[in-house]
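**Q** Sequence:
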Amino acid sequence: MTETNNYQRSTNNETMLLEILTPEKKLFSGEANSVMFPGSAGVFEVLENHAPLISTLDPGKIRVRSEAKEDQYFEINAGFVEVLNNVVTVMV
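First residue of the sequence shown: 1, per my numbering; consecutive thereafter.
The set of hints was computed from the structure by calculation and includes no laboratory data.
Each statement offered as a hint is correct.
Distance condition first, Cα-Cα at most 20 Å in a straight line; then the derived DMTMM-like pairs of lysine to aspartate or glutamate:
id, residue 1, residue 2
1, 26, 82
2, 61, 71
3, 61, 31
4, 69, 14
5, 61, 82
6, 69, 45
Only a predicted model underlies this, so the values are computations on that prediction, with no experimental measurement involved.
Produce the complete structure using the sequences and hints provided.
**A** What follows is the structure in structure tokens.
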């Protein structure tokens with residue numbers, strides 16, 4: 001899902017790059033401090049330096065938390081998430 005990236009983090013060391021993609025468009029692209037997912041085996045949260053992960057997602061809400069804004073929520077029907085090297089890619 002994610003190719004080798006050249007993502008350069010800001011001065012905030014507690015963020016990761018998050019992209020939420022659909023076949024039609026990019027719903028979100030930016031830095032996040034944490035992301036909560038409706039995983040097929042239960043709800044889980046991803047933080048900076050999370051171990052590499054690929055998971056299926058069930059219907060529910062993705063919660064994106066960042067320092068700059070209030071929490072953002074994205075309603076999904078299903079999808080996949082990949083976490084690798086502080087880059088979180090979501091296909092819904």
